[in-house]
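K.L.:
So the protein lines, in turn, are chains A and B. Letter by letter, the first sequence follows residues 1 to 170 in the numbering used here. Letter by letter, the second sequence follows residues 171 to 270 in the numbering used here.
Any given hint could be a false lead.
Computed spacing ranges between beta-carbons, pair by pair [said to hold, decoys possible]:
(1) A:Y30 with B:K257: 15 to 25 Å
(2) A:R100 with B:G224: 39 to 49 Å
(3) B:V235 with A:A116: 31 to 41 Å
(4) A:A104 with B:R255: 29 to 39 Å
If you're looking for bench data, these hints aren't it; they were derived computationally from the structure. We put the CB at the ideal spot given by N, CA and C, even for glycine.
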Amino acid sequence: MTGSPMLFYLFAAVAVGASLLVIAQRNPVYSVLLLIGSFGALSGLYVLLDAPFVAVIQIIVYAGAIMVLFLFVVMLLNAPHEDTDYDSHVHPLLRPGPMRFGAALALAFGVELVWALTRAGQSGAFAGGAVSSVAQIGHALFTDYAFPFEVTSILILVAMMGAVVLARRD
Amino acid sequence: MVALNHYLVLSAILFAIGTAGVFVRRNLITILLSIEIMLNAVNLTFVAFGRALGSADGQIIVFFVMTVAAAEAAVGLAIVITLFRHKESLNPDSFTLLKW
Chain A
1 MTGSPMLFYL
11 FAAVAVGASL
21 LVIAQRNPVY
31 SVLLLIGSFG
41 ALSGLYVLLD
51 APFVAVIQII
61 VYAGAIMVLF
71 LFVVMLLNAP
81 HEDTDYDSHV
91 HPLLRPGPMR
101 FGAALALAFG
111 VELVWALTRA
121 GQSGAFAGGA
131 VSSVAQIGHA
141 LFTDYAFPFE
151 VTSILILVAM
161 MGAVVLARRD
Chain B
171 MVALNHYLVL
181 SAILFAIGTA
191 GVFVRRNLIT
201 ILLSIEIMLN
211 AVNLTFVAFG
221 RALGSADGQI
231 IVFFVMTVAA
241 AEAAVGLAIV
251 ITLFRHKESL
261 NPDSFTLLKW
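Generate the whole structure from the sequences, applying the supplied hints.
P.N.:
Set out below in structure tokens:
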């Protein structure tokens, strides 16, 4: 499955395009919905990487649970648009102070990473022997990773209590 | 032929987009969304390396990253709600009480 370039470039284009639009949108509701599209494309990439378990939990947990939580909060806060002290038509790279610095930093960072990775040559072709069965992952999760798995449940419990305490109206 | 490098370059581009979003946008919810983009870029790297090495560990790490992302989103959004109640604004520039 890893050798089908058409699907890879299709999913990659959707993921990058949707992520760019997430950054460019003024309305947070559109940002959240576009990010769900980006996660769908990433799920397709996981299928291409012979990881159906990750692809499914990407859809169920990320797109289904976390993004719905974001959407819920956006609508709860009545989706206020950005109130800024600069003219919103100015390009991000031309805005004052830390924003110009941050945009330039991100651009330089991306260029540097792509440059370093493309200089590494055409090594890293995928060999055979992918671990794609859910049974294998579950076996590893409940034997080698049993302790981190249990700690995860405590983390979720603490996060749940923290969210309830923080958002409570006192 | 799609090799490991293609996935790594895609992941680098997505991570840079997320970084740009954190720095450029002035809306707390969009900043949290940009953090999610970065977490997903890292997840893609883990799965691609796990596939290249023929190991299940990459997918298991992704499972834990998703758990932490869910906890981070829940607590982060609760903090956003609390901040919005205090200032009626989502602009991070309006929260300067601890700024020296």
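K.L.:
Is 39 to 49 Å a correct range for the gap between the Cβ atoms of R100 (chain A) and G224 (chain B)?
P.N.:
45 Å, holds
K.L.:
Kindly confirm whether 15 to 25 Å is satisfied by the beta carbon distance between Y30 (chain A) and K257 (chain B).
P.N.:
24 Å, holds
K.L.:
29 to 39 Å was suggested as the range; check whether the CB atoms of A104 (chain A) and R255 (chain B) agree with it.
P.N.:
Holds, since A104 (chain A) and R255 (chain B) (Cβ atoms, about 35 Å apart) stay within the stated range.
K.L.:
Quick one: are V235 (chain B) and A116 (chain A) within 31 to 41 Å, going by C-beta?
P.N.:
23 Å, violated
This entry does not satisfy hint 3, going by the numbered hints stated previously; all others are met.
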